[in-house]
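Peer 1: Listed in order, the protein sequences are those of chains A and B. Number 100 in this note's numbering belongs to position 100 of the first sequence; there are no gaps in the numbering. Number 107 in this note's numbering belongs to position 107 of the second sequence; there are no gaps in the numbering.
Just so you know, the hints here were simulated from the structure itself, not pulled from any lab data. Because the structure is a prediction, the values reported are computed rather than measured. Backbone N, C-alpha and C define an ideal beta-carbon position, used for all residues, glycine too. Errors might be hidden in some of the hints.
A few chain A positions that, by computed beta-carbon distances, are all more than 12 Å from chain B [stated by the list, open to error]:
hint, residue
1, ALA29
2, ALA228
3, ASP259
Pair by pair, the computed Cβ-Cβ distance ranges are [unchecked claim]:
hint, chain 1, residue 1, chain 2, residue 2, range
4, B, ALA61, A, GLU311, 40 to 46 Å
5, A, PRO45, B, GLY67, 21 to 27 Å
6, A, GLY64, B, GLY75, 34 to 40 Å
7, B, ALA61, A, PRO45, 32 to 38 Å
8, A, ARG321, B, GLU93, 37 to 43 Å
With the Cβ distance kept under 7 Å, some of the chain A side facing chain B (calculated, not the full set) [stated by the list, open to error]:
hint, residue
9, GLY83
10, ARG95
11, GLY97
12, TRP134
13, TYR136
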Amino acid sequence: MTRGAPAVAALAAALAGCAASPPLANGLAGHAPRSIELSATPFYPQEDYHCGPAALATILRANGANVTPETLAPEVFIPGRRGSLQVELLGAARRHGRLPYVLATTADELVAELADGRPVLVLQNLGAARLPVWHYAVLIGYDAERNVALLRSGREQRLEMRWQHFAATWHRGGRFAFTALRPGEIPAHADVTRYVEAAAGLEAAGQRRAAAAAYDAAIARWPDEAHAWLGRGNMAYADGDLVAAADAYLRVILLSPTDAAARGNLAQVLADARCLAESRRQIERAVALAAGSPLAATIEDMRQKIGALPEPEAACALGNRYWPD
Amino acid sequence: MRIERFRRACVALVSLSLVSLGLQAPAMAGVIGTSEAIAATRGGETRDTIDAALARDDVRAKLAELGVDAAAIEGRLAALSETELQMLADQIEQAPAGGDALAVIGIVFLVLMILEFTGVIDIFKKT
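Chain B on its own, in the form it takes in the complex (with noise of 0.2 Å):
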């Protein structure tokens, strides 16, 4: 059938494509890096396995997503360890993005007035 020959050769293309990524892998190959086994021996983590091949696609796809050049992404993914490409796998859109503390429109500009005034914050005259 043309449906399951299809499939097949998706499934085929995927398998490949792991196969590669996993060849691309930064990380030493045959031994246990010190940051997955300190990672491993913390306990309490809700997280049972990092997968970090998936990990490391999903923050390649998201940086480019927000912008990020292409040609800067492989270099900004190797700097980082298994567990911190997780951490960003998970919370790149949420996490802290330090910025400009000048860059605030809107209503949220107002609420901060009102806090800056009241002397609970203090942005617009010290930065």
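Bound-form chain A, shown alone (with noise of 0.2 Å):
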């Protein structure tokens, strides 16, 4: 590359915005492999503008869903905008029964997911900060002595960037990242926040085996995460399980007491399993707890449907039971 008079190169750079990267080695945690590639990554030489589909089919199919760029292409891309959106290609790997990890903005998650044998989706801005060309690719490795990135990128097979540079263009990408898990997967090196939103996706996206088993890992793994145990109950409650359900969300409300979220939904339980008394005072207590907060609405709406219920005629099914005050 032909290096400009250097007044042209800095007005370029100060356009660019470009953060200055360091080299590759410099940040390397010290038990980090000096050099990996994972190449037994599938590629895909994309189509025009169809980066998304072809990167999402190569994270996809080399964690074994049976996908294509081709069978993936009506489930992300969007032709007005030339292009694929993020949450969209994790929309689409949840469809695929996979857990979208999104990754710390930081290198060292990039590092410690290839160390796992994950091949991890990139976004990229090739351009300029305020001129972007957004382009999605796969990071399949790295190799610190010759300072290079490894990608599986557009119709390159095996493209290698400097890594100042790799790093340069994902940071103007916004820093985004993801890795496509099998449902109860949980990497060493996971963030629960991050872990459990994610489980939460799958929820949301009416994966249900899938959101499960991904509950399930995280309460193995931290056994005191409250939306983890919020979501084993919904998981319940939507297997038509009222006392596993309910156990589930007392966990919630022992480990976070102010959870309007796990009162409300307590009370819902209680309600479908004609405990009329108790499921009124427990809204009750979840519309004093959701108080300006954004699941008031729909905690009241919870209370009025659960005042308006008729008086059962048979016996609560979850008797002789303690209901937190």
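Reassemble the complex: the two chains are provided individually, in unrelated frames, and hints are given to aid placement.
Peer 2: In structure tokens:
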């Protein structure tokens, strides 16, 4: 690459707002491998504008999902934008039963995921900050000695990019990166908040089996994580298992006594189990806890529905249990 | 009055369609979803309440407008959380759309050539 006049270069650098990144070897943790190449990662040369489906197919296929860029295009491509949006890539991964785990914005987690054998989908801005050229590629490795990132990118099966250069394009792309996990699989370095949020995404997408497996794994790893228990409760409720749902919501309330969602959901389970007096007591608590929160309207709605229920004829199915104050 | 009658009919129609949309919502009936609960506990959000049904309608219309096949839209919407739907409703036209590095034209091309030449960016050589 030819160097222009220094003044032009300085101007251009200012325009691009480029971040100075250190060479890879400087930032690599002591225990990290000096080089990795996940050479078995499949390659799909992209068609016009279809780097989203191609990159997504690459990481899903590497994880055993039966997809191709052609089958994914109708799930993620937006003709009017000539591209694909980040959240839709996450959504499509869910549709194929995978948990899209969004990585931290530091390079450490990119390296850790590669070390675990998972190729990483990254968003790059190959243009400038003000003049973006958005591009999805798949990071399949790096070589610290040669200071390069290794990518499946566009029509290039094996693209070597100078590490600083890759880091700068990733930085300009907002440092967005994710891997596709099998439900129940949790990386050793995983962050509890991001993992449970990803599991909640599976739940929202109606992938109940996958979400339940992810919550179970999260609870095994982080037994005190309230939202993982809330998720377990919701999956039990969806399965019609009121006892398991009530137990899980109860655990949330013990771990996080001010959690309005768990109170509201517990009240709903109690109503379904014909324990109307206790349900009404719990929903009042939920309404009080939700005051001023985004859940206030939803919980008020639940309160009105529970309030309007007729007195049950059969006995409460969850009798002789302890309920929180 | 005729206008008043028309107005009432419109209100009734809109209400009816909103009710039927509520019934179609794929979210689990009865309990609060985990992603909704997580979003609520996260402080500092400017928007206090997410109207999921409204966001869904909005994104549905925008995807159709942007050329997405009608048959594919519902499945795509169903794969997203309420927070994601809201984000799309707000930013579907601006959010980064990863596409193709080769599809650059005109003045953009010229400026990028200069940046490329000076070594600031690198799109033509290596993608």
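Peer 1: With reference to the structure, classify each hint as holding or not holding.
Peer 2: Against the structure, the hints:
no. : hint                              : verdict
1   : ALA29                             : 27 Å, holds
2   : ALA228                            : 9 Å, violated
3   : ASP259                            : 7 Å, violated
4   : B:ALA61 with A:GLU311: 40 to 46 Å : 44 Å, holds
5   : A:PRO45 with B:GLY67: 21 to 27 Å  : 23 Å, holds
6   : A:GLY64 with B:GLY75: 34 to 40 Å  : 21 Å, violated
7   : B:ALA61 with A:PRO45: 32 to 38 Å  : 34 Å, holds
8   : A:ARG321 with B:GLU93: 37 to 43 Å : 52 Å, violated
9   : GLY83                             : 3 Å, holds
10  : ARG95                             : 5 Å, holds
11  : GLY97                             : 11 Å, violated
12  : TRP134                            : 4 Å, holds
13  : TYR136                            : 4 Å, holds
Hint check: violations occur at hints 2, 3, 6, 8 and 11; the rest are consistent with the structure.
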